[in-house]
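So you can see what is in the structure, the chains are spelled out below.
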Amino acid sequence: MTPRLTLLAWLLIAGAAIAAPAYIDKLGILSATRIVILALWAVSLNLLLGRTGLVSFAHAAFFGVGAYTVALLWLHLDLPAVLGVPLSVAVGALVAFLTGAVALRAVHLYFSMLTLALSQLLFVIAFVWYDFTQGDNGIHGIDIPDVLRDTAGSYWFVLAVGALGIVALWLVSRSPFGTALQAIRENRQRAAFIGINVRRYELAAFTVAGAFAALAGSLFALFNRSAYPGLMDWTAGAQPIFVILIGGMYEFVGPVLGAMVYVLLEESVTRQTLYSNLVLGAVFLGIVLLRPDGLAGLVRTLAGRMRRSRLAPVADDSLEPHDTDQLEPER
Amino acid sequence: MDLDTLVIQLLAGLTRAGLLFIVSAGLSLVFGAMRVINLAHGSLYMLGAFVASTVVATIGGDWGLFPALVVSAAAAALVGSVIEVGILRRLYRREHLLQLLATFAIVLIISDIVEIVWGTANLSVARPAVLSGSVPILGRPFPTYNLFIIAAALGTGVALTLLLRRTGLGRDIRAAIVDPEMLGGVGVDVPRLFTVVFVIGSALAGMAGAIAAGSGAVGLGMDVEILVQAFAVTIIGGLGSIPGALVGAGIIGVADAFGILFLPRLTLAIIFLAMAIVLAIRPSGLFGLPERT
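Note that the protein sequences, when read in sequence, are chains F and Z.
For the first sequence, our numbering assigns the number 49 to the initial residue and increments by one for each residue that follows.
For the second sequence, our numbering assigns the number 2 to the initial residue and increments by one for each residue that follows.
Hints are computed from structural coordinates only; laboratory data are not their basis.
C-beta atoms are modelled at their ideal positions from N, C-alpha and C, and glycine is treated no differently.
Some, not all, of what chain Z presents toward chain F, calculated at C-beta under 7 Å: (1) L98; (2) L269; (3) A270; (4) P284; (5) S285.
Counterexamples of contact, computed for chain Z against chain F with all Cβ distances above 12 Å: (6) D3; (7) L4; (8) S82; (9) L124; (10) S125; (11) P129; (12) S135; (13) I151; (14) G171; (15) V179; (16) V197; (17) A218; (18) V248; (19) L262.
One chain only, chain Z, in its complex shape (with noise of 0.2 Å):
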């Protein structure tokens, strides 16, 4: 194989890693800090990429992703305070089982709501026009929109490292990480600073999705297909771990990027078989903290 082939495929893995790496990091913070499986994450990012395709067709495509980026992040951040708020709040004290049960049940009905208001067909979001072009790269055409998500998840990644490492509220949901109960014993409002961080992972959520939309067709069942690769994101990466999510992501968009060049139809089974084995090496991931028994 050439260089410059190698290049863009490995370009298009970290394009691929860097909306995984949105999504998943959300959903580590989330589980990290509230031992949440939040099955929902992926319908969230649904919700994201249809309210985008609206708010684009609304005011015009030639710019019209960029607010559409903080829409769909809202929309998900409102949604998801309903959930916590109204619904998980309620289970905290019953096992976890019953919270992932809950989660589930809001994808059943978010996939219907999706449905009632936009549709079963598959929209496309144009992209802004300053972003749909392409750039040469060793000679070869690059899509600049490509670069766009590489420099977006890169962008997050800094903010949320910023936001755990430099503010007050980071350290509170690094203690939550490590112990939730003795954090409630120091004082702080633990219910609140779960609401808190199930917004943020919310909008993580819906603004990859307003990013996705941008990228390939916006339809129903795009919340399945994401989760279970967020998933695999977190879980090799170790749960409530950003940088664990940075490395996972890496690992997951490359491999899918070279598997459809070798082996199309063995993809899915390389991003679980790699999963496999790094929890069968490592049972709790490869930055994450070993589960509180």
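Here chain F stands alone, though its shape is the one from the complex (with noise of 0.2 Å):
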């Protein structure tokens, strides 16, 4: 998108974020609280997959790991849960880098195996040590402030620290450090010729993307009062996949967006059938056969086509580069 079309994007999203609550009811207060964490999931996902290439299984882990931090620190220090929340930062960063530490001696597919070899084995203690984690029943019931227990409250508190993250996650993928990355994701070796040190990269995109998953696994822990296992499980990191997916993974703010339409999908879709899986395989199967480049990518093609017709009525279109070409690496 342009960077026209992108401010206004986000001066969208920001007008609707904050004039939400004043326009709907309280399960639509809900909803919007659980968009702002899965946007803050899926951008932190979105460093590894759009910005550098790495399709990582690992995600629903870190996610995990930060919703287990706000939780043990009530079950087991009895600390105020709130802490829990700028404490999963340094906790999720420190498990993502161990665990890229290992996964990252493998490249490509062999990379994201072992990340889901090591995710499942996160799950897997999450799942069995009964005495910290009180195994498969999971935690409940974290005593939150009385703030939080307000619908709206709950909300602007998510949204304060959720942008506050996704603000931090743009200021990285906007350095110089970002835009290395996006020289490995383009071409790996070329990337390594001109001097960047392409491990050492990765492994520090991947331990700020686990760290910024474990503050989204944090805010939900919050806004939930509980943790379990299931949030660990690999299955569960499909979701931000699917959101980044759904509004585009070669834009920064198409995640954002991606989160808005897929819980409003979702949430329609649970309520009209029992068969919600098969609905919603259906419309990612169209995405990624159709629009790959997600909802970001299709409001660049039709502005690229307004702009084009302005200028040129007759312009003959065969000659144009087709910019979904020039959106994916080739690999």
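Since each chain sits alone in its own frame, please combine them into the complex, following the hints.
See the structure below:
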């Protein structure tokens, strides 16, 4: 998308986020809170997926690590659960760093498979270590301050932290570091030739992404007042991936748009039919086949077409390179 | 522990390994030749199990499972060919991620279709009369059906090895595992080859599902359960390697059987720990080729 369009998208998103509670009912605010958490989670994953070209299955595990940080702090140390929010960033970074240090010994699909193995290991730890995590029962009824028990109060808190997280990730992705990650996605070998230590950059990206996924998880634990092993199972990680896919992985704003559409879509589909997987699966399949660059890519193409038709009404389309070809790095 | 307990437990592990091998060999073959991580492989397995339950219910339990093996394999092969031609083929030139996502969408779709057709209740499938008893091994009864599973796995292994080593198709598949572009360059119709490989892999998954139907409950959720274990097997053995799948299945199957005996709660952890250790030492698995960069 052009800078002006991106700015417009952000203004619309920010306006909607701030104005929404005044216009929607309690259930709507709960959905909005879900959207913010999912958006932060997906944006953090997109630092790996869209930015660096790393396919990680471990992102649900880091989300879970964040949720458990909040829950365990309350359960074992009797400390205020809210303290877990900043702490989860550090714990998430540490766990992601260790996971990444092992997983990044491999490349491409082998790397993906290693992240799957390691994240399932984390899942199993949460699942069986009864004394520490209460095992498959999970931890429920986390004590939270009165402000957060209120639907609107909890929304504003989640929105504030979520927005901070997303802005931080935006700063990371537009820094020289973020540009280097993009170079790695485009071509690992060339990136290495111009002096980028590919593995070290990938590990740094993995750590940062894990830290913010944990932040999203800590918000989830506060919002739902619980943490349970199911959060960490690798199939749970499909959610942010689909969010990114819907919104568009090649734009920073994509996953945020995707989170809005995903939650609204999922909630309406679940209300309408028992077989929501069938409908969602078909929708995702359609996106993969027809518009793998997602909503952001669609907007970009439409905007480009409008601009072209304004500048040169009789321009020959066949001479123009297809937008989608430019967007996707060839492997 | 007595010797007979050890042997029986080992045989139980090999039974599990046999089933895992048939599933993983298909997964590994598809990955090796096509570089597609087929998350829907478990779904084809589940589909095979449910189809087998219908076949056995229709023609009777005394010997119904034998034709069910063929029907399930054919059904899975049919669905597999639709997936490959209709969906994956359109995505080969794109990023691997898109194929992965497409197969995940298929997982969701198939699980709901199975639920619509067969419902949510667990089904049980009668074993053929000849295989329903047990044979004494070191004085302990051991289910005949389990020996059948081990034999079926060995048969599959031999058949696949002959296919890969002794036929023109097998030569092409092995070449595709090393370098599909070069294979296309020398005039082989690579898209058609991919379809054939995917259909073979799908048929193996379907047949394995039918075999599994005879040894336990058939239910929703068996797709993801087998998928994760088959991944562990394939990764330990090396993606794209049939001997690797055999060794990997042996390790996971036996670890599973003895894990249940000694550390029942940590069985899953043992599987993934084994996987993480192997990969940390040999990132491309025991028998795998290093990933093309």
